[in-house]
Structure formats: structure tokens, C-alpha cells
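The chain contents come next:
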Amino acid sequence: MLAWNEMRRAKVRFGLLCGAVGLLVFLILFQQALLGGLVTDFIGAVDNQDAPVLVFNDQARSNVEGSFLFPDQAAAIAGVDGVASTGFIGEGTYTVETGGEIRDAVMFGYELGGLGAPSSLVEGRLPAAPGEAVSSAADRDNGFGIGDVVQIVGDGGPTIVIVGLADDLRWSVAPTMFASYDTFEAAQRAVNPQSSVVFPSLVGVQPVDGVDIGELTDRINSEVDGVEALSRQEAVDGNPGVQGVSQSFGIILGLAFLVVTLVIGFFFMILTVHKARALTLLRAVGASSRYLVKNLLVQILMVLAIGSFLGVVMTVALLRLGPSGEVSAKLDPSSVAATLLGLVVLALIGGLAAVRRVLRIDPMSATSGAGQ
Amino acid sequence: MSALQLSDVRKVYRSGDQDIAALDHATLDVGDDEIVALVGPSGSGKTTLLSIAGGLLRPTSGSVVVAGHDISGYEDKKLTAFRGSEVGFVFQSVNLVPFLTARENLLVVAEMTGKPKGPARSRADQLLEELGLGGRSRNLPDQLSGGERQRVAIGRALMNEPGLALFDEPTSALDTEMGEQVMTLIRTEVKERGVAAVVVTHDTRMTHFADRKVEITDGRLAASGG
Numbered sequence: 000m001l002a003w004n005e006m007r008r009a010k011v012r013f014g015l016l017c018g019a020v021g022l023l024v025f026l027i028l029f030q031q032a033l034l035g036g037l038v039t040d041f042i043g044a045v046d047n048q049d050a051p052v053l054v055f056n057d058q059a060r061s062n063v064e065g066s067f068l069f070p071d072q073a074a075a076i077a078g079v080d081g082v083a084s085t086g087f088i089g090e091g092t093y094t095v096e097t098g099g100e101i102r103d104a105v106m107f108g109y110e111l112g113g114l115g116a117p118s119s120l121v122e123g124r125l126p127a128a129p130g131e132a133v134s135s136a137a138d139r140d141n142g143f144g145i146g147d148v149v150q151i152v153g154d155g156g157p158t159i160v161i162v163g164l165a166d167d168l169r170w171s172v173a174p175t176m177f178a179s180y181d182t183f184e185a186a187q188r189a190v191n192p193q194s195s196v197v198f199p200s201l202v203g204v205q206p207v208d209g210v211d212i213g214e215l216t217d218r219i220n221s222e223v224d225g226v227e228a229l230s231r232q233e234a235v236d237g238n239p240g241v242q243g244v245s246q247s248f249g250i251i252l253g254l255a256f257l258v259v260t261l262v263i264g265f266f267f268m269i270l271t272v273h274k275a276r277a278l279t280l281l282r283a284v285g286a287s288s289r290y291l292v293k294n295l296l297v298q299i300l301m302v303l304a305i306g307s308f309l310g311v312v313m314t315v316a317l318l319r320l321g322p323s324g325e326v327s328a329k330l331d332p333s334s335v336a337a338t339l340l341g342l343v344v345l346a347l348i349g350g351l352a353a354v355r356r357v358l359r360i361d362p363m364s365a366t367s368g369a370g371q
Numbered sequence: 000m001s002a003l004q005l006s007d008v009r010k011v012y013r014s015g016d017q018d019i020a021a022l023d024h025a026t027l028d029v030g031d032d033e034i035v036a037l038v039g040p041s042g043s044g045k046t047t048l049l050s051i052a053g054g055l056l057r058p059t060s061g062s063v064v065v066a067g068h069d070i071s072g073y074e075d076k077k078l079t080a081f082r083g084s085e086v087g088f089v090f091q092s093v094n095l096v097p098f099l100t101a102r103e104n105l106l107v108v109a110e111m112t113g114k115p116k117g118p119a120r121s122r123a124d125q126l127l128e129e130l131g132l133g134g135r136s137r138n139l140p141d142q143l144s145g146g147e148r149q150r151v152a153i154g155r156a157l158m159n160e161p162g163l164a165l166f167d168e169p170t171s172a173l174d175t176e177m178g179e180q181v182m183t184l185i186r187t188e189v190k191e192r193g194v195a196a197v198v199v200t201h202d203t204r205m206t207h208f209a210d211r212k213v214e215i216t217d218g219r220l221a222a223s224g225g
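These protein sequences, in sequence, are chains A and B. Just so you know, we're using numbering that gives the first Met the number 0 here: the first sequence kicks off at 0 and counts up by one. Just so you know, we're using numbering that gives the first Met the number 0 here: the second sequence kicks off at 0 and counts up by one.
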């Protein structure tokens with residue numbers, strides 16, 4: 000009762016605080032959405048292909064663009080105990096012509112029917128023959144919709160027809176296609192006519208049923224020279240672009256979390272000092288410290304709940320109504336929940352100074368009217 | 000049974016290498032439904048005695064028995080619970096929570112001591128009605144006059160049905176007429192409920208509302224009749 004009555008009698012004061020917390024929550028959630036979208040646009044293609052293990056050249060340091068494997072390495076990988084099947088996966092960035100425009104696009108090539116196929120198909124079908132591809136659904140209106148024809152620019156560059164769309168399939172924030180390995184080889188030869196051999200960028204591996212992925216990657220790394228085998232998640236997390244973006248956003252988000260903690264901490268400290276006489280009176284007439292601290296914490300949680308609600312509404316509204324750009328923003332409910340839980344903990348930490356102030360109230364001060 | 004028994008109570012403060020006795024071997028017995036006026040000059044120890052009787056302060060020595068409970072050795076938590084349930088206070092200056100209405104200022108006392116809401120509401124309404132504040136129950140303290148605020152404080156002091164009510168200069172901020180009205184109300188309310196009361200005052204015009212007057216000088220009590 001005490002907490003709520005004070006809030007409704009000081010609407011402007013608490014309204015401003017809720018608004019400020021709401022804006023900070025919005026800032027945090029929107030940046031997280033931006034980060035989520037950016038990360039997905041960076042690594043969606045690897046995250047949403049079906050090979051559970053990906054083998055890189057060990058000099059590539061988890062960078063798909065810098066990786067290529069020799070045929071003897073690919074054969075050695077296939078011979079490792081616990082490997083059920085392998086498949087070549089190629090990756091390249093190309094200049095393409097589609098919808099009458101010249102664009103940059105990424106193509107992943109995989110052996111049709113084998114490992115490396117997109118796993119998030121939402122429309123159409125997987126490629127069944129060379130010259131067909133599944134593309135990133137986010138680029139359907141940019142010349143990569145079903146039925147669109149994409150021409151790889153270069154001497155004898157293949158022509159590709161889009162036959163399917165898959166969610167979250169971009170790579171390095173570019174339109175991305177998954178085609179047959181033959182189509183990839185043809186594209187590589189078109190852009191590099193001097194090369195006599197096209198090497199796969201990665202080898203996809205399917206473990207034998209019951210074989211632990213971690214044990215298998217360790218075994219491949221120890222038995223095959225010059226390769227680095229990673230689980231799909233390790234390949235995603237180790238992507239150099241993702242690491243850089245995550246670190247930059249991490250600093251900004253960390254500062255925003257710190258600001259929320261300080262804003263709530265300062266506000267409730269000032270408020271507690273401001274109403275010290277009333278709190279002293281209540282202590283004198285029998286209110287326990289626990290009762291007063293409970294009311295303080297209830298106020299902090301109410302402010303945070305209202306602020307979080309405002310922040311979530313603003314974020315969702317902006318994501319739905321705002322202009323869609325080249326980079327998509329993606330709000331993940333589980334990370335929203337984790338963020339709000341983290342804010343609760345930080346807000347309570349921020350309120351500790353005010354709690355300490357309440358615990359130090361001397362009820363005897365009520366007799367002198369001090370209480371300050 | 001006495002509502003309040005102070006036996007040989009001392010309260011000594013250390014100042015540098017000197018001991019200063021704010022209360023010196025004070026012995027006082029207040030019977031059930033008795034009103035005692037505690038009179039004395041400023042700094043004589045009136046508020047110290049009241050604070051010790053109400054469990055706001057611990058005595059240096061001696062015993063304090065309220066409604067049969069010796070509170071002299073109570074720890075902080077027990078004293079807090081004791082203040083909430085066994086005594087009612089009206090202080091000299093700060094008496095009401097500014098962001099609560101008159102009615103809520105009474106209800107908060109019941110809430111913080113865990114009393115059931117329904118009976119608490121009825122009691123608060125009844126007290127406010129008796130104190131002539133039925134129409135002002137939804138007003139905040141800054142919308143009330145000085146006399147009305149003091150009446151709300153009296154209601155708050157009686158809210159949890161204490162056996163002992165302690166009033167520290169309840170009329171000091173009021174003019175004579177208003178002061179007499181408040182004292183009349185205090186007398187009526189405590190007598191009707193069989194509550195014992197100690198009223199600290201320096202205003203001798205108010206002492207006739209009490210059953211008995213006790214004088215205090217330099218921390219020492221001296222009974223002076225009714």
C-alpha cells in the first residue's frame with residue numbers, strides 16, 4: 000500500500016523515472032535486436048545449413064573466405080573413425096546481374112543430396128540440378144525471389160534460377176544463394192579463368208550415430224594435418240566478423256546497463272533522503288526495517304516493470320513500423336527475457352544504497368523531528 | 000495491573016570524559032486508563048522518559064514494564080514490534096506521512112503490523128468519525144489544518160488499540176483554543192477506551208486535563224498531585 004500510494008501521489012516524479020527507464024530499455028533492446036539481426040546476416044548461411052561439423056583449413060582461423068582444402072585432406076577426413084559421410088562445400092562472393100541491376104551476392108555450393116543444404120526453407124524447394132538455387136528470403140524483393148534469374152558476371156558465368164527461399168540465410172550481410180557444387184565450380188572458373196582446379200572451401204561432416212561431435216572434431220584435428228574441424232556452433236561463434244560486431248555492441252550494451260543501474264540507484268537514493276522524516280516516523284511507530292525495505296524494493300520493481308513495458312512496446316513498434324534497411328533487426332524473446340531479468344538484478348543492486356540508508360534510520364529521531 | 004512501571008530508571012549519556020544523566024533514578028507508575036501529565040522545563044528529560052517508556056530508547060539501568068512486559072532488555076526487532084502493537088505515539092513535530100491521506104495514515108499502522116484489512120478499515124473510519132474528521136479522511140496532510148493534523152495523529156496513535164498512549168507536546172503548535180480542543184479529544188478518546196496516557200507538556204494550562212501531574216527537573220521526577 001505504502002509503495003503504490005506514494006507512486007500515485009507523485010505521478011510526475013515516478014512517471015519521468017519510468018519514462019527514462021523505458022527509453023534505456025528501448026535503447027538496450029533495439030541495440031540487441033540490431034546486433035541479433037546483424038549477427039544473423041553475417042553467419043546465417045553457416046548456422047542454417049545441415050552439416051553438423053565443418054572442417055576448415057587451419058590457416059583460415061574460422062574464416063570461410065580464407066579457407067580451402069586439398070583433395071588429400073578431404074579424403075583423410077572421410078577416413079577418420081566416426082565419420083559417416085562428408086561433402087564438399089564451396090563459398091564465393093560474386094558480382095551478379097539480377098532484376099536488371101548489378102549487385103554483389105554470395106553463393107554456397109554443396110553436393111546436391113549431400114551435406115551443406117539449407118535447413119530453413121520457407122518457400123519453394125531445394126535445388127535439384129545445376130543452375131538452380133535457394134536464396135535468402137530477406138532478398139526476395141531485390142532480384143532473388145522464386146523464379147528470378149541471377150547471372151554470375153564473368154566469362155561464361157552460370158545462370159541461376161531461384162527455386163526456393165530460406166530464412167536467415169545471408170552471409171556477410173549480402174544476398175546469399177545455395178546451389179549445386181557444380182554451379183559453384185562454374186562460377187569460380189568464370190571469375191578466375193586462369194585457375195585449373197577449384198578447391199572446396201570447407202568439408203561438411205556427418206558423424207556416425209551416437210558419436211559425440213566434440214570428440215569427433217578432436218579426432219579429425221589430431222589425425223588430419225592442416226585442418227581445423229569445428230561444430231556448426233563453433234564455426235558461427237568463431238566467425239571474425241561476428242566476434243568484432245559482438246565486442247563493439249557488447250561495450251555499448253554494457254554502458255547502457257550501467258546507466259540503468261545508476262539512474263535507478265541515484266533516483267531512489269534521492270527519494271529516500273527526501274522522505275527520511277516520514278520513514279523515521281514510520282520506524283518510530285512500529286514499522287520494521289524489513290517493511291520499509293520491502294516497500295522500497297516493490298517501488299523499484301514497479302518502476303522497472305513499467306519502464307520495461309514501455310521499452311518493449313517502443314522496440315516492437317519501431318521494428319514493425321520502422322523502415323526496413325539493408326540490415327535486419329531481430330528481437331529474440333529469450334534474450335529479451337534474459338535482458339529484463341538482468342535489469343531486475345542491476346536495478347536491485349542500484350537500489351542498495353537507498354536500502355542501506357533506510358536500514359540506518361534511527362527511530363529515536365522522530366522525537367526531535369530530525370530524521371535527516 | 001499498571002499500564003506503565005518505571006523503576007529506578009537512569010539514562011546516562013557520555014560526553015567527553017563526563018557522564019550526563021538525562022534521567023536520574025526515575026520511578027513512575029501509571030495505572031490503567033490513567034492520564035499523567037509530565038511537566039518540566041526544556042531539557043529536563045521529559046522526552047527521554049517518554050522515549051524510554053515507548054521503547055524508542057533503552058535505559059542505562061532500571062526496569063521498564065509496559066502492560067506486564069519488561070522491555071528493558073528487548074533487542075531492536077522486539078522493540079519495533081512492541082512499539083507497533085503496545086504503544087501509541089503522538090510526536091511534537093513530525094506526525095503524519097505526507098503522501099498518505101488521513102485515512103491511509105491510520106491504515107498504514109495496521110498494515111505494517113500485519114493486522115487484517117477489513118477490521119482495520121472499520122476502525123480507521125470509526126476513529127476519524129469520532130475525531131470529527133469523517134469528511135476529511137481522503138485529504139492529504141498538507142490539505143489539513145494544524146488541529147486536524149494533530150487529531151489524525153491521535154487517531155493513528157490509537158489505531159492498534161494500545162494499552163499506553165504517549166503524547167509529546169501535542170498542543171505546542173496550536174493556539175490555546177485549539178490546544179484545549181485537542182486535549183479534550185485526547186481525554187475523551189483514551190478514557191472511552193481505557194487507555195493509559197502520558198502527556199508531556201510545558202504548558203501548565205493543559206495539565207488539568209490529566210488525572211495527575213508529575214514534574215521533572217534535571218532528569219528527576221517529583222509527584223505534584225492532580
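You may find that some hints are simply not true.
Said to hold, decoys possible - Not close to chain A: a few residues of chain B, all C-beta gaps over 12 Å, as computed:
| id | residue |
| --- | --- |
| 1 | K76 |
| 2 | T79 |
| 3 | A221 |
What the hints assert, rightly or not - Using 27 Å as the maximum straight-line C-alpha spacing, the simulated DSS-like pairs for lysine-lysine come out as follows:
| id | chain 1 | residue 1 | chain 2 | residue 2 |
| --- | --- | --- | --- | --- |
| 4 | A | K274 | B | K114 |
| 5 | B | K114 | B | K77 |
| 6 | B | K190 | A | K10 |
| 7 | A | K10 | A | K274 |
| 8 | A | K274 | B | K116 |
| 9 | B | K212 | B | K190 |
| 10 | A | K274 | B | K77 |
| 11 | A | K274 | B | K190 |
| 12 | B | K116 | B | K77 |
| 13 | A | K10 | A | K293 |
| 14 | B | K114 | B | K76 |
| 15 | A | K274 | A | K293 |
| 16 | A | K293 | B | K77 |
| 17 | B | K114 | B | K212 |
| 18 | A | K293 | B | K114 |
| 19 | B | K116 | B | K76 |
| 20 | A | K293 | B | K212 |
| 21 | B | K116 | A | K293 |
| 22 | B | K116 | B | K190 |
Just so you know, these hints were derived from the structure itself, not from any lab. The beta carbon of each residue, even a glycine, is placed where N, CA and C say it ideally should be.
For each hint, the structure was consulted:
With 12 Å as the threshold on Cβ separation, the claim that K76 of chain B sits away from chain A is violated: the shortest Cβ distance comes to roughly 7 Å. Not every C-beta of chain A lies more than 12 Å from that of T79 of chain B, the closest at about 5 Å, which undercuts listing it as non-interface. The beta carbon of A221 of chain B sits about 23 Å from the closest Cβ of chain A, which is more than 12 Å, so the claim that it is off the interface holds. Note on K274 of chain A and K114 of chain B: the hinted pairing holds, with a Cα-Cα distance of about 25 Å set against a maximum of 27 Å.
Between K114 of chain B and K77 of chain B the CA atoms are separated by roughly 17 Å; this keeps the pair inside 27 Å, and the hint holds. Among the hinted pairs, K190 of chain B with K10 of chain A is inconsistent with the structure: their alpha-carbon atoms are about 42 Å apart, more than 27 Å. Distance hint between K10 of chain A and K274 of chain A is fulfilled; the C-alpha atoms sit about 16 Å from each other, no more than 27 Å. With a C-alpha separation of about 25 Å, the suggested pairing of K274 of chain A with K116 of chain B holds against the 27 Å cut-off.
Restraint check: the Cα-Cα separation between K212 of chain B and K190 of chain B comes to about 17 Å, which is no more than 27 Å; the hinted pair holds. With a C-alpha separation of about 25 Å, the suggested pairing of K274 of chain A with K77 of chain B holds against the 27 Å cut-off. A threshold of 27 Å between alpha carbons decides the hint, and for K274 of chain A with K190 of chain B the separation of about 35 Å lies outside it, so the pair is violated. Straight-line distance between C-alpha atoms of K116 of chain B and K77 of chain B comes to about 23 Å, which keeps the hinted pair within the 27 Å bound.
For the hint linking K10 of chain A to K293 of chain A, the alpha-carbon distance of about 20 Å falls within 27 Å, and the restraint holds. The hinted pair formed by K114 of chain B and K76 of chain B meets the criterion: a straight-line CA distance of about 18 Å does not exceed 27 Å. A threshold of 27 Å between alpha carbons decides the hint, and for K274 of chain A with K293 of chain A the separation of about 16 Å falls inside it, so the pair holds. About 19 Å separates the Cα atoms of K293 of chain A and K77 of chain B, which keeps this hinted pair within 27 Å; it holds.
The suggested pairing of K114 of chain B with K212 of chain B is violated, with an alpha-carbon distance near 35 Å, which exceeds 27 Å. With a C-alpha separation of about 17 Å, the suggested pair K293 of chain A and K114 of chain B falls inside the 27 Å cut-off, and the hint holds. Between K116 of chain B and K76 of chain B the alpha-carbon distance is near 23 Å, which keeps this suggested pair within the 27 Å criterion. Our distance criterion of 27 Å between C-alpha atoms is broken by K293 of chain A and K212 of chain B, whose separation comes to about 42 Å.
About 19 Å separates the Cα atoms of K116 of chain B and K293 of chain A, which keeps this hinted pair within 27 Å; it holds. Using a Cα cut-off of 27 Å, the hinted pair K116 of chain B and K190 of chain B holds, with the two alpha carbons roughly 26 Å apart.
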